[in-house]
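Please put together the full structure from these sequences, using the hints given.
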Amino acid sequence: MRIEIEHRSPKEQVEKNKKNIKKNLEVSDTLYIVTSDELAKRKVVQVALRVLFHLRKEKPDKDFKIMMGTVNEEKKNGFREWFELKSI
1 MRIEIEHRSP
11 KEQVEKNKKN
21 IKKNLEVSDT
31 LYIVTSDELA
41 KRKVVQVALR
51 VLFHLRKEKP
61 DKDFKIMMGT
71 VNEEKKNGFR
81 EWFELKSI
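Residue 77 in this note's numbering sits at position 77 of the sequence shown, and the numbers go up by one each step.
Some hints could be false.
Claimed, not checked - Once the Cα atoms are required to be at most 27 Å apart in a straight line, the calculated DSS-like pairs of lysine-lysine come out as:
no. : residue 1 : residue 2
1   : K65       : K86
2   : K43       : K23
3   : K43       : K86
Claimed, not checked - Label-pair ranges, simulated between beta-carbon atoms:
no. : residue 1 : residue 2 : range
4   : K62       : D37       : 29 to 35 Å
5   : F53       : G78       : 17 to 23 Å
6   : D61       : Q13       : 18 to 24 Å
7   : N77       : K19       : 29 to 35 Å
8   : P60       : D37       : 32 to 38 Å
9   : E81       : P60       : 16 to 22 Å
10  : R50       : G78       : 28 to 34 Å
11  : R80       : R50       : 24 to 30 Å
12  : E81       : K16       : 23 to 29 Å
13  : D29       : R80       : 17 to 23 Å
Just so you know, these hints were derived from the structure itself, not from any lab.
Where is the CB? At the ideal position from N, CA and C, for every residue including glycine.
Below, the structure written as structure tokens:
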């Protein structure tokens with residue numbers, strides 16, 4: 001299953017969406033997140049790492065993967081390259 005979330009909001013709003021990231025990862029093994037800019041992407045990376053850390057403790061038998069990119073990056077490379085976070 002593939003779920004996409006687009007964060008068009010400032011970094012403060014991304015922090016509020018932590019619950020959505022967690023819920024979507026519990027349903028899907030791979031989550032794709034497209035951010036509006038680099039600042040939002042950096043904040044999403046921080047939030048996603050915290051979510052992965054907690055989920056790894058709660059569900060050690062499940063592998064989680066988050067793929068991230070900005071709108072501009074993805075326009076350039078046609079959604080072929082993503083920044084990837086994995087729980088191992």
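A quick look at each hint next to the structure:
1. K65 to K86: Holds, at roughly 4 Å.
2. K43 to K23: At roughly 18 Å apart (the allowed maximum being 27 Å), K23 and K43 satisfy the hint.
3. K43 to K86: holds, 17 Å
4. K62 to D37: 29 to 35 Å: At 31 Å between Cβs, range holds.
5. F53 to G78: 17 to 23 Å: Given range 17 to 23 Å: violated, Cβ gap about 32 Å.
6. D61 to Q13: 18 to 24 Å: violated, 32 Å
7. N77 to K19: 29 to 35 Å: Check passed, 30 Å falls within 29 to 35 Å.
8. P60 to D37: 32 to 38 Å: holds, 34 Å
9. E81 to P60: 16 to 22 Å: Violated, since E81 and P60 (Cβ atoms, about 29 Å apart) do not stay within the stated range.
10. R50 to G78: 28 to 34 Å: holds, 30 Å
11. R80 to R50: 24 to 30 Å: holds, 28 Å
12. E81 to K16: 23 to 29 Å: At roughly 28 Å between Cβ atoms, K16 and E81 fall inside 23 to 29 Å, so the hint holds.
13. D29 to R80: 17 to 23 Å: Distance hint for D29, R80 holds at roughly 20 Å.
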